[in-house]
Amino acid sequence: MQTRLLRGLFALMAMLLGSWAQADWTLNMPKGVTDISQEVYGLHMLTFWVCVIIGIIVFGVMFYAMFKHRKSKGAVSANFHESTKVELAWTLIPAVVIFAIGVKATYTLADMYNTDDSELTVEITGYQWKWRYRYLNDDPNAEVSFFSNLATSRDEINNRLDKNENYLLEVDEPLVLPVDQKVRFVLTAADVIHSWWVPQLGVKKDAIPGIANEAWTIINETGTYRGQCTELCGKDHGFMPVVVEAVPQEEFDTWLAGKQEEARKLAELTEKDWTMDELMERGRQAYQTTCAACHGQNGEGAGFPALAGSAIATGPVEDHIDIVVNGVNGTAMQAFGAQLSEVDIAAIITYERNAWGNNVGDMVTPVDILNYNAGQ
Amino acid sequence: MTTATHDHDHAHHGPAKGITRWLYTTNHKDIGTMYLWFSFAMFLLGGTFAMVIRAELFQPGLQLVQPEFFNQMTTMHGLIMVFGAVMPAFVGLANWMIPMMIGAPDMALPRMNNLSFWILPFAFAMLASTLFMEGGAPNFGWTFYAPLSTTYAPPSVTFFIFAVHIMGASSIMGAINIVATILNMRAPGMTLMRMPLFVWTWLITAYLLIAVMPVLAGVVTMMLMDIHFGTAFFNAAGGGSPVLFQHVFWFFGHPEVYIMILPAFGIVSAIIPAFARKQLFGYSSMVYATASIAFLSFIVWAHHMFTVGIPFLGEAFFMWATMLIAVPTGVKVFNWVTTMFRGSMTFETPMLFAVCFVVLFTIGGFSGLMLAVAPADFQYHDTYFVVAHFHYVLVPGAVFSIMAAVYYWLPKWSGKMYNETLGKVHFWLSFVGVNVLFFPQHFLGLAGMPRRIPDYALQFADFNMISSIGGFLFGASQLLFLYIVVHTIVAGKPAKAKPWDGAEGLEWSVPSPAPYHTFETPPDIDKAPQLDRKEP
Numbered sequence: 001m002q003t004r005l006l007r008g009l010f011a012l013m014a015m016l017l018g019s020w021a022q023a024d025w026t027l028n029m030p031k032g033v034t035d036i037s038q039e040v041y042g043l044h045m046l047t048f049w050v051c052v053i054i055g056i057i058v059f060g061v062m063f064y065a066m067f068k069h070r071k072s073k074g075a076v077s078a079n080f081h082e083s084t085k086v087e088l089a090w091t092l093i094p095a096v097v098i099f100a101i102g103v104k105a106t107y108t109l110a111d112m113y114n115t116d117d118s119e120l121t122v123e124i125t126g127y128q129w130k131w132r133y134r135y136l137n138d139d140p141n142a143e144v145s146f147f148s149n150l151a152t153s154r155d156e157i158n159n160r161l162d163k164n165e166n167y168l169l170e171v172d173e174p175l176v177l178p179v180d181q182k183v184r185f186v187l188t189a190a191d192v193i194h195s196w197w198v199p200q201l202g203v204k205k206d207a208i209p210g211i212a213n214e215a216w217t218i219i220n221e222t223g224t225y226r227g228q229c230t231e232l233c234g235k236d237h238g239f240m241p242v243v244v245e246a247v248p249q250e251e252f253d254t255w256l257a258g259k260q261e262e263a264r265k266l267a268e269l270t271e272k273d274w275t276m277d278e279l280m281e282r283g284r285q286a287y288q289t290t291c292a293a294c295h296g297q298n299g300e301g302a303g304f305p306a307l308a309g310s311a312i313a314t315g316p317v318e319d320h321i322d323i324v325v326n327g328v329n330g331t332a333m334q335a336f337g338a339q340l341s342e343v344d345i346a347a348i349i350t351y352e353r354n355a356w357g358n359n360v361g362d363m364v365t366p367v368d369i370l371n372y373n374a375g376q
Numbered sequence: 001m002t003t004a005t006h007d008h009d010h011a012h013h014g015p016a017k018g019i020t021r022w023l024y025t026t027n028h029k030d031i032g033t034m035y036l037w038f039s040f041a042m043f044l045l046g047g048t049f050a051m052v053i054r055a056e057l058f059q060p061g062l063q064l065v066q067p068e069f070f071n072q073m074t075t076m077h078g079l080i081m082v083f084g085a086v087m088p089a090f091v092g093l094a095n096w097m098i099p100m101m102i103g104a105p106d107m108a109l110p111r112m113n114n115l116s117f118w119i120l121p122f123a124f125a126m127l128a129s130t131l132f133m134e135g136g137a138p139n140f141g142w143t144f145y146a147p148l149s150t151t152y153a154p155p156s157v158t159f160f161i162f163a164v165h166i167m168g169a170s171s172i173m174g175a176i177n178i179v180a181t182i183l184n185m186r187a188p189g190m191t192l193m194r195m196p197l198f199v200w201t202w203l204i205t206a207y208l209l210i211a212v213m214p215v216l217a218g219v220v221t222m223m224l225m226d227i228h229f230g231t232a233f234f235n236a237a238g239g240g241s242p243v244l245f246q247h248v249f250w251f252f253g254h255p256e257v258y259i260m261i262l263p264a265f266g267i268v269s270a271i272i273p274a275f276a277r278k279q280l281f282g283y284s285s286m287v288y289a290t291a292s293i294a295f296l297s298f299i300v301w302a303h304h305m306f307t308v309g310i311p312f313l314g315e316a317f318f319m320w321a322t323m324l325i326a327v328p329t330g331v332k333v334f335n336w337v338t339t340m341f342r343g344s345m346t347f348e349t350p351m352l353f354a355v356c357f358v359v360l361f362t363i364g365g366f367s368g369l370m371l372a373v374a375p376a377d378f379q380y381h382d383t384y385f386v387v388a389h390f391h392y393v394l395v396p397g398a399v400f401s402i403m404a405a406v407y408y409w410l411p412k413w414s415g416k417m418y419n420e421t422l423g424k425v426h427f428w429l430s431f432v433g434v435n436v437l438f439f440p441q442h443f444l445g446l447a448g449m450p451r452r453i454p455d456y457a458l459q460f461a462d463f464n465m466i467s468s469i470g471g472f473l474f475g476a477s478q479l480l481f482l483y484i485v486v487h488t489i490v491a492g493k494p495a496k497a498k499p500w501d502g503a504e505g506l507e508w509s510v511p512s513p514a515p516y517h518t519f520e521t522p523p524d525i526d527k528a529p530q531l532d533r534k535e536p
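Protein chains in written order, with the numbering used here: chain A, 1 to 376; chain B, 1 to 536.
Don't take each hint at face value.
[Unchecked claim] Quick list of in silico lysine-lysine cross-link-like pairs, BS3-like style, CA-CA up to 27 Å:
1) B:Lys496 <-> A:Lys73
2) A:Lys163 <-> A:Lys182
3) A:Lys71 <-> B:Lys416
4) B:Lys424 <-> B:Lys496
5) A:Lys71 <-> B:Lys493
6) B:Lys424 <-> A:Lys68
7) B:Lys493 <-> B:Lys17
8) A:Lys71 <-> B:Lys424
9) A:Lys182 <-> A:Lys104
10) B:Lys416 <-> B:Lys496
11) B:Lys416 <-> B:Lys17
12) A:Lys259 <-> A:Lys31
13) A:Lys85 <-> A:Lys68
14) A:Lys104 <-> A:Lys31
15) A:Lys71 <-> B:Lys496
16) B:Lys424 <-> A:Lys73
17) B:Lys424 <-> B:Lys493
No lab work stands behind these hints: they were computed from the structure.
All chains, full assembly: derive it from the sequences and hints.
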């Protein structure tokens, strides 16, 4: 009986220890993969140890007094209540220590502000609740631009599916950057303030509407680096991760060329003759990525207007195109004309007009959207 | 003339009966009591919101609330704790204690005192009512950055703006009253440099309030104009700037931080000498350090904005100025420790809270120094490291000092002693709870968890669960605090006029409970046995 109890106890302990050992107990800041992030780590540790030493001295004296100078141990209080020398010392010594930290920090700060001599510039625009990356290029036809959306499924978030390893830190399309090259970021936002952060790069900068901020990085190692938006930007602030894929130069060049090819193909796609089924299928996917967060997976609209049976989705097609392309001023409904391709806008509108029992029956093609934009 | 005044025939000046006593009162003690109860009610309300936050963050995934509501909870928690719990508690303590500490019969402007309290419940009723409005309560964080709080705000933002206006008016009136009282109503012989530090810190705090509450009123008025009258102060599309909002807000916001901690310094500077039975070390350096901190608080605001993209020189200036604050703050901590050194200490509940304040506030100060280092702040900014930092200075800092003050002066207010065992149990539960709650948040922030998110990546799961458990413990412990205070008032044992043998100050020269009117004739400071402090 006793042995069984003991064995059970051991099994329980092993289980607890097991889960304890598996758990992630990261205590400190990552050193990161850039010179700057490593310098920052050094500064962080320097300040930390200075604090620890001060703490040991101050709390040491304090706890010594708390144990020794107790009334219950017969301590009689002394009479001193000031000392110019001591007071001067504990004003000046901390000032010197702080000065030392400040000098080191100022050098690092100057480094972080030096965006000169970059070889590649990426424009980062924050949207509610996704990032757009644009690789600036003198030739407008060779400019690559895409959105990076959260890839974690709503089912995982709502606990209907097991969460995967990169839960909430995965995107449909990461920012691809070359290693060993100075990359300059230009940051701005389309609606509210966002903040772009990748801890491993030591880069965090606010993306503010109407303002172009700058930052830079040189990544030393290839790999996938994950971060998040760090400025409260509304409902899905917690659901707009940043993923950076750092690759060797050649791989980056191949990737960029491929993206430029894709951009050309998309232009061709706009001209293509679409069938209803093709549009509905593409629309369903695009709707899930772009619209479902507010309007619900089935157009039921949690907190935001429902689309199933709505006046817009079942009314005149021009109104429907207008609201999707131009948005509604002062609300969370953005102007998607600037964000999505004509193909996706046409597909989404077609899908919204024919899904969830709306069954209007009409079809909007990418060319319709092109014509609408041209007429605006 | 003795300092005690209870033997006068003042029956016709006693409190009125029933509800009108509280509605019409101009008595500093009644108003102080109302402030303190109001602040405790808000502490429980704001605490309830915090429990919702910690419950949602107990595990990854969305379980209890949706992100919209989560954002309302973080916003309301912050607003109510700052403006409803901490600030009114200090004003309540000021009302009760400042006249008694300086030998004044009441506050200088008693009717305004009544007004400044009675508009507060309306402000917070208005703020709380937004939870039931269409579109929900404010959801843009207690710092309400534009344009999230203007163009993209729920309709209830207008109610929020007016609530802030009323709170601001209340604070300004309270501050004017405190300045007028301290400067004009000190008993003969109570020179400025003989005032207890609580009076000093409040005098400086009151000036901070008068300086920055109008700035807060200004920034919310600009929001109101942007939302309803077509201006574009903070709207980039109309030529304004969202960054302007942050500059104006933090010009208020940083001194506000010191508004919430300077009176705490005063309280701790009263309690530690009392229980160490030894005079406060470095009285005059304490006064100068407080004044320096107050001055510096006006020139460090942009350290809240290191990632906003201010130019290099600006960034460097704000970093250096911020690091400088560590010097006068260090002086204070060294003074408290030296006061304890070679004292004759006992550890009743007020002393436990005060000692805990010194240790944990210092830890909050350490993380503050780390945050001041701008390059490192790029990694800390808007993560749980910041959340841990300001909760360390505000909860075991400001809130613990208020609890210390309640235990220390409750015998004077109520004439009854609290139960020492229960007080110690409350302290230890709160101490363990607060550390389990906030210490792991340092690790979460360093590992990369942003603040104000309802759901998080899996590597943050363990520390979040621990933090939540600490949160529930800390929250539940405060119900014990409520019980202890009520039990003391209803059934406590009678307290002596001076229940702490090492306590100093005029408040201990009047009986317990303090009579409705005290010091109608000024006390003779030089003959008061408790005030043997020499002129420095």
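Now the hints, each set against the structure:
no. : hint                  : in the structure
1   : B:Lys496 <-> A:Lys73  : holds, 25 Å
2   : A:Lys163 <-> A:Lys182 : violated, 36 Å
3   : A:Lys71 <-> B:Lys416  : holds, 25 Å
4   : B:Lys424 <-> B:Lys496 : holds, 20 Å
5   : A:Lys71 <-> B:Lys493  : holds, 24 Å
6   : B:Lys424 <-> A:Lys68  : holds, 21 Å
7   : B:Lys493 <-> B:Lys17  : holds, 25 Å
8   : A:Lys71 <-> B:Lys424  : holds, 18 Å
9   : A:Lys182 <-> A:Lys104 : holds, 23 Å
10  : B:Lys416 <-> B:Lys496 : holds, 8 Å
11  : B:Lys416 <-> B:Lys17  : holds, 22 Å
12  : A:Lys259 <-> A:Lys31  : violated, 32 Å
13  : A:Lys85 <-> A:Lys68   : holds, 25 Å
14  : A:Lys104 <-> A:Lys31  : holds, 18 Å
15  : A:Lys71 <-> B:Lys496  : holds, 21 Å
16  : B:Lys424 <-> A:Lys73  : holds, 20 Å
17  : B:Lys424 <-> B:Lys493 : holds, 17 Å
In terms of the numbered hints stated before, the structure departs from hints 2 and 12, listed from lowest to highest.
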